[in-house]
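These protein sequence lines map, in sequence, to chains A and B.
Residue 769 in this note's numbering sits at position 152 of the first sequence, and the numbers go up by one each step.
Residue 373 in this note's numbering sits at position 350 of the second sequence, and the numbers go up by one each step.
No wet-lab data here; the hints were simulated from the structure.
Take these hints with a grain of salt, some might be off.
Claimed, not checked - Which bits of chain A does chain B cover? Going by a derived footprint, with three or more residues having C-beta under 8 Å, they are: (1) 637 to 647; (2) 678 to 686; (3) 701 to 707; (4) 734 to 746; (5) 749 to 763.
By construction, the Cβ of each residue, glycine as well, lies at the ideal position given by its N, Cα and C atoms.
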Amino acid sequence: MAQIFQPFDPDRLVQIVSAHADLEGPLLPVLHAVQASFGFVPGEAVPIIAGALNLTRAEVHGVVSFYHDFRSEPAGAHVLRLCRAEACQAAGGDALAGHVERSLGVAIGGTTADGAVTLEAVYCLGLCASGPAAMLDGQPLARLDPDRLDAVIDGLAR
Amino acid sequence: MSGRVFVPGDAAAVAVGADAVAAALCAEAARLGRAVEIVRNGSRGAFALETLVEVETAEGRIGYGPVEAADVTGLVAAGLFDGGEHPKRLGRPEALPFFARQTRLTFARCGIIDPQSMADYRARGGGKGLERALSLGRAGVVDAIARSGLRGRGGAGFPAAIKWKTVADAGDGPKYVVANADEGDSGTFADRMLMEGDPFLLIEGMAIAGFAVGAAKGFVYIRSEYPHAVAAMRRAAETAAREGLIGPDAPHPFDLEIRVGAGAYVCGEETALLDSLEGRRGQVRPKPPLPAHKGLFGRPTVVNNVLTLAAAAHILADGAEAYAALGHGRSRGTMPIQLAGNITNGGLFEAPFGLTLGELVDDIGGGPFTGKPARAVQVGGPLGAYFPRSLFDTPFDYEAFAARDGLIGHGGVVVFDETVDMARQARFALEFCAIESCGKCTPCRLGAVRGVETIDAIRAGRERQANLTLLADLCETLKFGSLCALGGFTPYPVMSAVKHFPGDFDATPKTPAEEAS
Ligand SMILES: Cc1cc2nc3c(=O)[nH]c(=O)nc-3n(C[C@H](O)[C@H](O)[C@H](O)COP(=O)(O)O)c2cc1C
Ligand code: SF4
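Construct the complete structure from the given sequences, taking the supplied hints into account.
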């Protein structure tokens, strides 16, 4: 199922930040919550978060850019994260990755032209005895082969 | 009897359709008017059998697997709810050779109990470790852990008791216990399985560590790639606080928070993890100071792997001597080994240290599922060496692997068959180092990129000898010029590939696309 996000809203952002303000080391939980609401961490959010948590903009920006998970741009309607780590390589992951890139017409790291699917690499999902594995919109998929993955992708509401 | 039916809720079972199997079983039960209770247990860890459905019968639990949703109608017609005959009936799971050969201590309950039921947990001995700890007193706990010989399961194998004693002796004031659940090594999933299948054991282990060192607050730092484990731990932490295992009114008052990483392999390194918890870029801190002296928010902190903390709980419950009696050399107790990659019987195999790599891969694992022989095995994650068949006699033990320029790390064993191109694997090791580098050290940040280019040149046949020398030099620089093992150990997979599989660096190997055509 496609993930539904709300448009960026500064008031909602302030609510999110204050809900986490009492935590020890609140920045990562805040950024996760921001991304869960808006689908990404909008540039406008950075100064607001920085102000509320008593950090500099550079510090917040530095954290957002350090971690692979945080996006500065919205992703496609669906996010397919294909495991590209060793255990899945051993189980046929390279061939599967090539197949998906061809069938979606997009390289890993890109989004299809219609904005339907963002294809990403992930390094391990902990499904290493059932590879090749992937995660689609947070749902784990394992023992994949080209046919099974094609069927999953074809089943997506575009 | 209103039998319980077990359908694993473990992410690896869900990934092959366990939710649909559970829904189909519910629908069949409703259609037949049978009162069945579906329990979402953890996985027992034989992933080729997932979805492994089990039913309670007069002769004990009977398993069926691997079950697909489409099989359910036929299975139920064959009498699944009463343990009836069917080609997919496996009998008692404990009797299957894969399980019968194991010594399950850390994973004794995983896959068996309802992971979110404190009653199930306590009925199978849960909670006894903490009780015993409270009766032994703080020093007594550290002493018991020392006698058990328990070493850290996160990779380095550092004695757990020494770390705990350092934090215990670090004066008064706030201290922390941090469970490292970043489990980034490819080929490993034991932390994930435990958090999903027996979360209270980790919580109990953390409470014991908190009691022993005088910490009232704990964090579990779980990688974001594990949403099921995050949800399981959050629910279990709430239950544990409500039921008095932890919380302000527990015998040892202990507050527990579950935190989520953000996709950075290096955050598994303990000091990078602490920076990440504090809300910063996950960069490695120079040591000293050790986290045991100055850790989270500058306070004395125990950072242990999930399996280390879980083992502490059952060691206290069952006795340090019984644990120390198992094992091999200086590696005492059991290790939850994870058989992964191209392997027939992949999964979680907990056994005393000392099995050989060959026994694990060929005998227990059944070799590659492609039916071809295993050619290379990477043990210990992306920073671990690749071993050829000629090293299959190496016993699974920290020192034995180190003596052969390898490491056991967190216990992941990734098997490759004879189609593997080892130059490509060496290239990947360097590429991974470049992608995941925290950026502090130049050799790691830039040298790894240079290494990728060098391997490309070798594979293209350009100045092969000179470039192989350059690669070895680069690896030396990485080894000695890196602050942490990400840069420092990347030479293991690279140089082991060069050493044991030199032929793969000769001619230009084919790409998979060329091979397919
Ligand atoms: C790059 C890197 C990644 C690591 N990843 C993990 C990890 O995912 N889980 C873990 O427990 N330890 C990991 N470690 C080891 C930790 O730094 C630390 O030694 C461990 O958490 C200590 O716990 P233990 O003594 O119980 O093993 C990693 C180390 C390095 C250098
Ligand atoms: S070796 Fe790499 S990951 Fe480790 S501290 Fe240096 S730059 Fe960071």
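**Prompt:** Mind checking, does the region 749 to 763 of chain A have 3 or more residues with a CB under 8 Å from chain B?
**Reply:** holds (count 8)
**Message:** Can you tell me if the region 637 to 647 of chain A counts as covered by chain B, using C-beta to C-beta distances under 8 Å and a minimum of three residues?
**Reply:** holds (count 7)
**Prompt:** Residue count check for the region 678 to 686 of chain A against chain B: does it reach three with CB-CB under 8 Å?
**Reply:** holds (count 6)
**Proximity test - 8 Å, beta-carbon atoms, the region 701 to 707 of chain A to chain B, at least three hits** = holds (count 6)
**Message:** Taking beta carbons only, do three or more residues of the region 734 to 746 of chain A come closer than 8 Å to chain B?
**Reply:** With 8 residues closer than 8 Å to chain B, the region 734 to 746 of chain A meets the three-residue bar; holds.
Hint compliance for this structure: every hint is met.
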